[in-house]
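Quick mapping for you: the protein sequence lines, in order, are chains V and F. Heads up, the first sequence is in the numbering used here, so the first residue is 1 and it goes up one at a time. Heads up, the second sequence is in the numbering used here, so the first residue is 1 and it goes up one at a time.
If you're looking for bench data, these hints aren't it; they were derived computationally from the structure. The structure presented is a predicted model; accordingly, all values stated were derived computationally and were not measured. Ideal Cβ positions, reconstructed from N, Cα and C, are used throughout, including at glycine. One thing to keep in mind: the hints can contain errors.
For lysine-lysine, the following DSS-like pairs were computed, each having C-alpha atoms within a straight-line distance of at most 25 angstroms [stated by the list, open to error]:
#, chain 1, residue 1, chain 2, residue 2
1, F, K248, F, K266
2, F, K566, V, K209
3, F, K466, V, K209
4, F, K319, F, K408
5, F, K575, F, K519
6, F, K167, F, K222
7, F, K564, V, K23
8, F, K222, F, K319
9, F, K447, F, K462
10, F, K550, F, K538
11, V, K338, F, K564
12, F, K221, F, K167
13, F, K72, V, K338
14, F, K528, F, K466
15, F, K570, F, K528
What follows is a list of derived Cβ distance ranges for each label pair [claimed, not checked]:
#, chain 1, residue 1, chain 2, residue 2, range
16, V, A378, F, Q580, 24 to 32 angstroms
17, F, D520, V, A148, 44 to 52 angstroms
18, V, S301, F, R563, 21 to 29 angstroms
19, F, R524, V, A378, 29 to 37 angstroms
20, V, A359, F, T426, 47 to 55 angstroms
21, F, Q580, V, L151, 47 to 55 angstroms
22, F, R563, V, A55, 43 to 51 angstroms
23, F, R577, V, V34, 18 to 26 angstroms
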Amino acid sequence: MTDHIQGDEGFGLYVHWPFCLSKCPYCDFNSHVVDRVDHGRFRAALRVELAHYAAMAGREGRRLTSVFFGGGTPSLMEPGTVAAILEDARSLFTPANDLEVTLEANPGAVDRAKFEDFRDAGVNRVSLGVQALDDAALAFLGRRHDRAEALAALEAAQSLFPRTSIDLIYARPGHDPEAWRQELRQALDILAGHGHLSLYQLTVEQGTKFYLDWHRGDWRLPEEDDAVSLWHVTQEETARAGLPSYEVSNHARPGEECRHNLVYWRGGDYIGVGPGAHGRLTVGGTPRATRQHRAPERWLSQVEAHGHATTRDDPLGQAERAEELLLMGLRLTEGVDKMRFHRLSGRPLDGFVDARALADLTEMGLLEDTPAALRATADGMLVLNGLIAALVPVDGDAEDGSPPGR
Amino acid sequence: MSDLSHIRNFAIIAHIDHGKSTLADRLIQVCGGLTDREMKEQVLDSMDLERERGITIKAQTVRLDYTAKDGKTYQLNLMDTPGHVDFAYEVSRSLAACEGSLLIVDASQGVEAQTLANVYQSIEMDHEIIPVLNKIDLPAAEPDRVKEQIEDVVGIDATDAVEISAKTGLNIESVLEAIVTRLPAPEGDTTAPLKAMLVDSWYDPYLGVIILVRVKEGTLKKGAKIRMMQTGATHPVDRVGVFSPKMKDTGVLSAGEMGYITAGIKSVADCNVGDTITEDGRPADKALPGFKPSIPVVFCGLFPVDASDFEHLRDSLSKLRLNDSSFEYTPESSAALGFGFRCGFLGLLHMEIIQERLDREFDLDLITTAPSVVYKMHMTDGSMLELHNPADMPDVMKIDYIEEPWVKATIMVPDEFLGPILQLCTERRGIQLDLTYAGNRAMAVYKLPLNEIVFDFYDRLKSISKGYASFDYEIDEYSESDLVKVGILVNAEPVDALAFIAHRSQAEFRGRAICSRLKDLIPRHLFKVPIQAAIGGKVIARETIPAMRKDVTAKCYGGDVSRKRKLLDKQKEGKKRMRQFGKVEIPQTAFINALKMEQN
Numbered sequence: 001m002t003d004h005i006q007g008d009e010g011f012g013l014y015v016h017w018p019f020c021l022s023k024c025p026y027c028d029f030n031s032h033v034v035d036r037v038d039h040g041r042f043r044a045a046l047r048v049e050l051a052h053y054a055a056m057a058g059r060e061g062r063r064l065t066s067v068f069f070g071g072g073t074p075s076l077m078e079p080g081t082v083a084a085i086l087e088d089a090r091s092l093f094t095p096a097n098d099l100e101v102t103l104e105a106n107p108g109a110v111d112r113a114k115f116e117d118f119r120d121a122g123v124n125r126v127s128l129g130v131q132a133l134d135d136a137a138l139a140f141l142g143r144r145h146d147r148a149e150a151l152a153a154l155e156a157a158q159s160l161f162p163r164t165s166i167d168l169i170y171a172r173p174g175h176d177p178e179a180w181r182q183e184l185r186q187a188l189d190i191l192a193g194h195g196h197l198s199l200y201q202l203t204v205e206q207g208t209k210f211y212l213d214w215h216r217g218d219w220r221l222p223e224e225d226d227a228v229s230l231w232h233v234t235q236e237e238t239a240r241a242g243l244p245s246y247e248v249s250n251h252a253r254p255g256e257e258c259r260h261n262l263v264y265w266r267g268g269d270y271i272g273v274g275p276g277a278h279g280r281l282t283v284g285g286t287p288r289a290t291r292q293h294r295a296p297e298r299w300l301s302q303v304e305a306h307g308h309a310t311t312r313d314d315p316l317g318q319a320e321r322a323e324e325l326l327l328m329g330l331r332l333t334e335g336v337d338k339m340r341f342h343r344l345s346g347r348p349l350d351g352f353v354d355a356r357a358l359a360d361l362t363e364m365g366l367l368e369d370t371p372a373a374l375r376a377t378a379d380g381m382l383v384l385n386g387l388i389a390a391l392v393p394v395d396g397d398a399e400d401g402s403p404p405g406r
Numbered sequence: 001m002s003d004l005s006h007i008r009n010f011a012i013i014a015h016i017d018h019g020k021s022t023l024a025d026r027l028i029q030v031c032g033g034l035t036d037r038e039m040k041e042q043v044l045d046s047m048d049l050e051r052e053r054g055i056t057i058k059a060q061t062v063r064l065d066y067t068a069k070d071g072k073t074y075q076l077n078l079m080d081t082p083g084h085v086d087f088a089y090e091v092s093r094s095l096a097a098c099e100g101s102l103l104i105v106d107a108s109q110g111v112e113a114q115t116l117a118n119v120y121q122s123i124e125m126d127h128e129i130i131p132v133l134n135k136i137d138l139p140a141a142e143p144d145r146v147k148e149q150i151e152d153v154v155g156i157d158a159t160d161a162v163e164i165s166a167k168t169g170l171n172i173e174s175v176l177e178a179i180v181t182r183l184p185a186p187e188g189d190t191t192a193p194l195k196a197m198l199v200d201s202w203y204d205p206y207l208g209v210i211i212l213v214r215v216k217e218g219t220l221k222k223g224a225k226i227r228m229m230q231t232g233a234t235h236p237v238d239r240v241g242v243f244s245p246k247m248k249d250t251g252v253l254s255a256g257e258m259g260y261i262t263a264g265i266k267s268v269a270d271c272n273v274g275d276t277i278t279e280d281g282r283p284a285d286k287a288l289p290g291f292k293p294s295i296p297v298v299f300c301g302l303f304p305v306d307a308s309d310f311e312h313l314r315d316s317l318s319k320l321r322l323n324d325s326s327f328e329y330t331p332e333s334s335a336a337l338g339f340g341f342r343c344g345f346l347g348l349l350h351m352e353i354i355q356e357r358l359d360r361e362f363d364l365d366l367i368t369t370a371p372s373v374v375y376k377m378h379m380t381d382g383s384m385l386e387l388h389n390p391a392d393m394p395d396v397m398k399i400d401y402i403e404e405p406w407v408k409a410t411i412m413v414p415d416e417f418l419g420p421i422l423q424l425c426t427e428r429r430g431i432q433l434d435l436t437y438a439g440n441r442a443m444a445v446y447k448l449p450l451n452e453i454v455f456d457f458y459d460r461l462k463s464i465s466k467g468y469a470s471f472d473y474e475i476d477e478y479s480e481s482d483l484v485k486v487g488i489l490v491n492a493e494p495v496d497a498l499a500f501i502a503h504r505s506q507a508e509f510r511g512r513a514i515c516s517r518l519k520d521l522i523p524r525h526l527f528k529v530p531i532q533a534a535i536g537g538k539v540i541a542r543e544t545i546p547a548m549r550k551d552v553t554a555k556c557y558g559g560d561v562s563r564k565r566k567l568l569d570k571q572k573e574g575k576k577r578m579r580q581f582g583k584v585e586i587p588q589t590a591f592i593n594a595l596k597m598e599q600n
């Protein structure tokens with residue numbers, strides 16, 4: 001029984017390609033550098049795992065709105081693999097007419113010819129890991145490409161794909177807000193009022209080379225005041241160029257938001273296949289959180305042996321589900337849609353959040369609470385972690401799903 | 001009079017670490033009280049905490065049989081005494097059970113302040129005192145200088161001081177010989193009506209209350225029906241015996257002897273220390289002179305970190321009280337900390353010990369409010385009330401005047417540190433009573449408010465003297481003082497648990513110190529949080545915690561939900577350890593650390 005009623009949050013497929021040519025010092029994603037990849041086996045395994053999840057999800061009411069090839073470096077995939085997966089996805093589900101198919105690409109790990117092959121395979125959106133438009137910054141970030149290669153890759157992507165997104169990393173050590181303004185303007189000029197920008201602040205994650213360097217005191221991240229200035233520069237420039245923020249770190253011309261990521265933020269279902277991929281899937285009315293084995297070889301052998309490499313498949317409690325909807329939804333400029341929240345979590349938003357915190361934070365101008373939605377204001381967005389922590393009830397038992405006692 | 005010439009009862013007086021317990025162990029060993037296999041280091045300190053901290057809390061006795069050089073076998077009753085000022089009361093009753101004392105002094109350190117109070121008590125009780133210089137084997141030992149110091153400071157003849165090393169066992173026999181030849185035997189009539197002094201009592205889960213007694217007159221036998229002369233309660237005696245140091249039933253204890261009895265008593269609260277035990281059928285006509293009961297002088301609030309532990313805390317306190325009737329507790333509720341207990345202790349060490357036992361033996365996570373003393377509030381209507389908790393301070397308009405307790409403090413310190421220590425005493429409103437030198441050590445006697453002592457005096461003393469100062473105090477008298485209640489407001493909400501009472505001259509300084517500590521202890525909020533110290537409506541110190549400006553970063557994709565969840569779960573876990581004050585959340589650790597003032 002899988003008659004899942006899909007709302008406007010969409011339904012996505014995430015495919016993880018875990019391999020890179022080199023490991024970037026800031027990256028703590030599931031990425032691996034290997035001498036050789038058996039493309040045939042990986043292609044086959046990804047298709048097997050997709051079929052497994054498709055069976056679990058059911059076809060009824062599943063209108064596939066997006067596919068996202070992430071990594072790692074998915075532009076290192078063989079275009080044939082992409083094509084095969086897309087062909088499967090189209091037959092396993094009902095594809096939307098405007099199905100968005102994104103592929104992450106790294107300048108230097110793709111050339112024009114390969115872009116053409118990806119386009120022919122069905123990719124209609126490229127997210128390019130430019131990260132910086134400054135050679136010194138690119139060297140610091142451990143990227144394999146320089147500014148010229150980045151610009152060339154951008155040009156190729158823009159000429160071949162209907163939609164292009166640029167990833168940049170800011171708030172780097174010693175990053176001057178005015179220098180960032182100039183760098184950002186160059187990227188916005190290239191986009192010329194179209195497309196999408198993901199603008200991430202550099203974070204230092206445990207287990208990365210940067211963590212060791214930072215811990216040793218080789219360099220420091222910008223102080224809070226500088227980080228705030230950098231943030232404001234980002235908001236100003238993107239809004240001025242017609243690509244305002246629609247999520248904490250994402251900016252787009254209205255209508256060109258990344259539909260796939262909106263699935264995550266709006267609490268929609270998505271299947272995650274490939275090493276380390278996460279998924280959220282409603283089965284028989286119960287939302288489940290899934291995760292695949294991280295180590296590529298292990299993932300491969302598990303899929304080949306069992307048809308999937310799922311290491312976690314846990315039902316989400318009602319409170320847990322509600323928390324996630326809030327956690328993800330408040331990242332969006334549009335906020336959390338109250339009807340959707342009620343439909344997906346089984347309880348009204350107003351009864352879930354801490355009423356007193358809600359009143360205080362609204363009064364302080366950090367939240368905007370309307371009958372239709374709860375959203376963070378521009379000021380609130382800067383302190384979103386604090387807002388969410390204040391709103392989420394401490395005693396909202398994640399296990400039994402009973403309403404919290406307040 | 002019976003012939004009691006084979007008995008010697010003696011106490012051991014020593015400063016912490018001067019080797020009292022080690023010597024006691026040696027004496028037991030030489031007299032064969034325990035086999036080597038049974039010898040555990042410092043057998044007398046039975047509580048773990050005592051052993052760990054090198055202090056003795058409960059009085060303990062051991063009977064030793066010693067065959068002296070004169071060929072006779074003597075019964076030696078060793079009474080171990082607490083070494084700390086908080087337990088001065090226990091010391092006095094232990095001393096009262098003996099006719100003589102060993103004064104143990106570390107030959108490399110000399111006499112310390114804590115030793116003095118006890119040795120003076122011993123002199124007052126007409127004890128014969130044998131000075132014993134320990135650690136004579138150390139290269140730094142200066143026996144001649146220390147003997148001189150004993151004569152100067154204590155005022156007793158130290159010519160015949162016994163020089164030993166308890167650690168190596170050197171000259172232990174000489175100590176035993178000195179006990180036999182120099183201490184007097186007890187006096188008493190074994191056939192007279194029973195008079196036994198109740199020295200101490202403790203609760204044993206198997207035997208009930210065990211009472212430590214010193215028989216002064218008559219004979220105490222198993223099966224006899226005894227009567228407590230203060231309370232009139234009667235009990236049949238179950239067991240009579242001595243500690244060797246293992247419990248050994250003897251069935252009888254006669255005049256001059258010490259030992260234990262059990263009589264089916266359920267609680268130590270029913271056994272008043274200093275009471276006289278007599279025989280119901282043949283009572284003594286007059287009780288022995290008793291002791292003043294010990295009164296708690298330091299109070300603090302104890303609150304469970306987890307509110308659901310309240311009942312567990314209550315049970316634990318009542319269990320501890322089975323064994324220590326000197327502390328008291330009453331339920332208290334605080335807006336900041338919820339439900340807990342206001343507890344009274346004999347002193348700071350006593351307070352620490354109880355807290356540690358609650359933590360260790362009962363696995364309780366507690367928040368402790370700042371220690372406070374008992375103020376006497378003389379009200380305009382002529383009534384007087386005792387204030388145990390700053391939060392309960394009555395309306396100042398209704399107070400005529402306030403009195404606070406003072407102590408007489410003795411500080412011994414190498415003279416190089418004397419200047420700053422005298423300055424500390426002055427800062428803390430001290431009045432110098434005496435200042436004398438013995439060699440390169442100075443002894444300063446001050447009158448000081450107890451309030452200042454419980455605040456951070458001892459910590460400051462230790463740090464100023466690099467640990468070389470020793471310090472002791474006895475409760476003196478109450479006197480009028482210009483005291484004010486300083487309230488702490490966080491975001492304009494008063495935090496009752498942080499209020500304190502201080503002398504007007506100290507109020508601003510302390511208010512500022514606590515505000516500045518809170519500024520670092522309370523995490524930033526989404527809005528700015530003012531912290532104020534105020535006397536009534538007048539703000540005397542102020543700090544502001546700036547608002548959190550930015551805490552959001554980075555991408556959040558599908559796989560990151562679990563990462564964000566982890567952050568949220570951490571935040572929620574943190575929130576559970578917060579106390580809500582208006583809009584402000586204060587971590588429980590902030591209460592604990594704001595109240596630890598020693599680092600200011």
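Checklist entry - Where does the structure disagree with the numbered hints, that is, which hint numbers, in rising order? => result Numbers 3, 4, 6, 8, 10, 12, 13, 14, 19, 22 and 23 - these are the hints that the structure violates, sorted from lowest upward.
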